[in-house]
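J.: My request is simple: use the sequences and hints to build the entire structure.
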Amino acid sequence: MSRSRGKDPEFVHHFEGAQTLDGLLELSGSPCDTEEVLARMRAAHAEGQPHGAVIPTLFEGEPHFPSPEVARRLFQNLLGLWDLVEEGLSVRLEDGPRPPRPKKEKVEPPRPFAPGEPDAEFVEAAWRYLEDDEKGRLRRTHAFENRQDALLGALDAAGLTDEGYGAARHLLFELHAMLELGWPQGLASVDPAQLERPGTETPPVPEALAAYAEEALFEAEQDEEHPLSPEELTQVRTLVRRGLTALWEARKGR
1 MSRSRGKDPE FVHHFEGAQT LDGLLELSGS PCDTEEVLAR MRAAHAEGQP
51 HGAVIPTLFE GEPHFPSPEV ARRLFQNLLG LWDLVEEGLS VRLEDGPRPP
101 RPKKEKVEPP RPFAPGEPDA EFVEAAWRYL EDDEKGRLRR THAFENRQDA
151 LLGALDAAGL TDEGYGAARH LLFELHAMLE LGWPQGLASV DPAQLERPGT
201 ETPPVPEALA AYAEEALFEA EQDEEHPLSP EELTQVRTLV RRGLTALWEA
251 RKGR
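At position 85 of the sequence shown (counting the first as 1) the number is 85 in UniProt numbering, and the numbers step up by one without a gap.
Some hints here could point you the wrong way.
As the list claims (entries may be wrong) - Have a look at the derived ranges for each label pair, beta carbon to beta carbon: (1) PRO56 with HIS226: 30 to 40 Å; (2) THR20 with GLU196: 28 to 38 Å; (3) THR161 with THR57: 32 to 42 Å.
Just so you know, the hints here were simulated from the structure itself, not pulled from any lab data. Using N, Cα and C, we set each Cβ at its ideal position, and we do this for glycine too.
T.: Below is the structure:
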């Protein structure tokens with residue numbers, strides 16, 4: 001679920017050069033560089049295809065963006081480059097071959113904790129795995145959104161600010177992903193009513209997961225740009241604790 005943060009500034013097609021576009025493509029998870037993009041655009045234009053037939057092929061699955069600004073600049077540059085191709089203008093790339101992108105080392109997931117409980121070592125390893133495995137994180141984000149849609153709906157209806165909603169949603173996603181990493185049978189959809197039941201924030205859940213959630217909430221409270229107010233932090237903490245309990249109880253085959 002997305003929340004509107006106000007009207008976007010003017011969107012202008014503008015190709016800023018190969019170096020800039022290369023960086024934006026890499027930040028967005030594309031395996032292509034500007035030279036490859038240009039070749040694909042020229043081939044598509046020669047076949048009478050629109051830019052909408054080319055841009056999705058630049059990504060393996062859905063693109064991911066570290067910020068809305070990166071997404072904006074990427075598409076401004078891609079559409080600016082397409083305009084140049086469409087108008088038959090020459091496009092100057094950097095002289096000489098570009099060095100290949102360094103390959104990232106394959107990150108191994110932590111060993112499952114099932115049929116027991118996760119400890120602090122597992123939580124640390126799971127967090128690092130989720131941070132490093134970009135494609136896996138995107139896949140797990142989609143799984144969380146699809147499987148826990150009712151939970152997210154209840155969270156969306158809680159009346160939080162954008163910052164409070166973002167902190168709660170991100171943290172519940174991470175907890176969901178950690179549990180799925182450690183519990184191979186997976187998780188069922190949770191009952192969103194558990195976010196509204198008093199007392200469900202205190203039942204026994206793995207101490208390591210509870211401690212991780214508390215540390216993340218402390219960081220949200222201390223955030224330099226958008227700290228959570230004490231009142232909202234209390235509400236977010238209750239929702240996260242209840243959500244963690246619901247997710248822990250949603251383990252299949254327990």
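J.: Hint by hint, note whether the structure agrees.
T.: A quick look at each hint next to the structure:
The hint said 30 to 40 Å for the Cβ distance between PRO56 and HIS226, and at roughly 33 Å that hint holds. A beta carbon spacing of about 48 Å between THR20 and GLU196 contradicts the range 28 to 38 Å that was offered as a hint. Under the hint 32 to 42 Å, the C-beta atoms of THR161 and THR57, about 38 Å apart, fit the expected range.
Hint compliance for this structure: hint 2 alone is broken.
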